[in-house]
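*Asks:* Sequence:
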Amino acid sequence: MNKYLEKLFSPMTINKLEIPNRIVMAPMTRSKSPKGIPNDDVASYYQKRAKNDVGLIITEGTTVDTPNASDDVNIPTFHGKEALEGWGNVVNKVHSVGGLIFPQIWHQGTLRRADTTWNSDFPSWGPSGLALANKKVSEPMTVDEIEKTIDSFVKAIYSSKELGFDGAEIHGAHGYLLDQFFWHGTNIRDDDWGGISLNERTQFSTEIVKRARKAVGDDFPIIFRFSQWKQQDFSHKMASTSEELGLFLNNLSNAGVDCFHCSQRRFWNNEFDGSDLNLAGWTKKLTKKPSITVGSVGLTEDFIETFKGKESKPTDISNLLERLFLDEYDFVAIGRALISNPDWVSLVKNEEYDKIKIFTPKDLEVLI
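Residues in the sequence shown are numbered consecutively from 0, following numbering that gives the first Met the number 0.
Since the hints were derived computationally from the structure, they do not count as laboratory data.
Incorrect hints may have been included.
Claimed, not checked - Dumping the calculated BS3-like pairs for lysine-lysine here, alpha-carbon to alpha-carbon at most 30 Å: (1) Lys-47 with Lys-80; (2) Lys-154 with Lys-15; (3) Lys-80 with Lys-34; (4) Lys-287 with Lys-15; (5) Lys-135 with Lys-236; (6) Lys-209 with Lys-312; (7) Lys-15 with Lys-47; (8) Lys-287 with Lys-312.
Claimed, not checked - If you anchor each label on the Cβ, the simulated ranges turn out as follows: (9) Thr-299 with Phe-233: 12 to 22 Å; (10) Lys-287 with Lys-309: 30 to 40 Å; (11) Thr-299 with Pro-19: 46 to 56 Å; (12) Asp-353 with Val-142: 51 to 61 Å.
Glycine included, each C-beta is placed from N, C-alpha and C at the ideal position.
Taking the hints into account, I'd like the entire structure generated from these sequences.
*Replies:* What follows is the structure, encoded as C-alpha cells:
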C-alpha cells in the first residue's frame, strides 16, 4: 500500500471517538422509509457499507419533530416510538459488524413541498417566510416557532445518544432551514435571529449547538454540515472572504461543534482566489477542528447531473489522496459511488479500481 492509501486508512478522532479510517459515507436521501420509519432494508443498507470498511456512516437526512420538517412521507423521521425503534435497529445492525454511525438531523424549512407530505395545510417555516430572495411562501417564523424548532433539534440529538448512535450531524447546508437563517436572501429579520452580517445570522444554529451540547455532554461528537452554495443559487458565496468564513465557523466551533462537513459540488475547486485550499481546507485552517471534504468524490459528474439523468463514471482519486496526505482536510465523504458500490472502500483499499461500477440514476430506485 502506498503512502497516500496508508493515510486514507489511518485512524483519526472526532472529539474522543476514534474513526478507523478517513472515509465517511455521505448523507444521501433515499426515501425508502415508509411512513417515515426506517425498516430492515434500511438497516441492511447501512450495515452492508459498514461491513465493507466505511470508517463512519452518516445517515440520510432524518427530520425533527415539527409539523413541517419533511416533504416526503418516505423520508425517515427522528421522533415517535416506531421511527426511533427503527433507528435503534439500524444502530444495532451497524454496530454488529464493527461500524460507526451518526444520524443527520434535518429540517427542510421553506424548501418543503407541502403538497407531497404530511400536514399539507400547515405552512412551511423559514426565518422570513422566503424560499429565496423575494419569493414568499409563508409568514416569518414567530419567536415561539423558532424556540420550538431549536428544541426539536436538541431533542433529536439527545435521542441519538440514547439510541446508541456514536455521534450526530446537524444539517446546516444546501438552502434548508438552518441555511435559510444564514443566507441574507432568506433571512431579512431585524430581531436577534437576523442581522446584517453572516456573523449575526449564525444565532439560530449556535443556539441549537449550545443547547444540544449541554444535553449530551462534552464527549458526544457533533458534526455540522454547511455549504456556501444553495439549491436556490448554485453560485452563491455565503462568505465572500476567509475572514467572514472564520467568524461564521468559530461561532459554531465555540458553541460545541467538533467537526465540520464542508459541502461543495466539486471538492477540487478552490474556495477563495489566491489560495488552492478547498472549503474543507479553509475550514480546518480557520477552526483547527477536523474537516470533511465532499463533492463528486470518485465520479466524473456532480450530483446535480444525476437529477438530469446522467450517469457518472469512476474517476481517478489521486488528487484527493494527495491533498489528504498533505493534511488539507481530515476525512473524505463518499456519496453516490457508495450507492452503486457498497464495497467501494474495500475495492480502493485493495487497489481494484477496475471493479468499481458506474453510477447511474437507476441505482437510486432500490436499496442494495
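*Asks:* Next step is simple, just say for each hint if it's right about the structure.
*Replies:* Each hint tested on the structure:
1. Note on Lys-47 and Lys-80: the hinted pairing holds, with a Cα-Cα distance of about 25 Å set against a maximum of 30 Å.
2. Between Lys-154 and Lys-15, the direct Cα distance comes to roughly 22 Å. Compliance with the 30 Å bound is thereby established for this hinted pair.
3. At roughly 13 Å between alpha-carbon atoms, Lys-80 and Lys-34 fall within 30 Å of each other, so this suggested pair holds.
4. Distance hint between Lys-287 and Lys-15 is fulfilled; the C-alpha atoms sit about 15 Å from each other, no more than 30 Å.
5. Taken as a hint, the Lys-135 and Lys-236 pair is honoured in the structure, with Cα atoms around 22 Å apart against an allowance of 30 Å.
6. The straight-line distance between the Cα atoms of Lys-209 and Lys-312 is roughly 42 Å, outside the 30 Å bound, and the hint therefore fails.
7. Between Lys-15 and Lys-47 the alpha-carbon distance is near 25 Å, which keeps this suggested pair within the 30 Å criterion.
8. Distance check on the hinted pair: Lys-287 and Lys-312 sit about 34 Å apart at the alpha-carbon level, beyond 30 Å; violated.
9. Checked against the given bound of 12 to 22 Å, the beta carbons of Thr-299 and Phe-233, roughly 18 Å apart, stay inside it.
10. Separation of Lys-287 from Lys-309 is about 38 Å and conforms to the stated range, judged on CB atoms against 30 to 40 Å.
11. Look at Thr-299 against Pro-19: about 29 Å separates their beta carbons, and that is not inside 46 to 56 Å.
12. Range check, Asp-353 to Val-142: Cβ separation about 58 Å, and the 51 to 61 Å hint holds.
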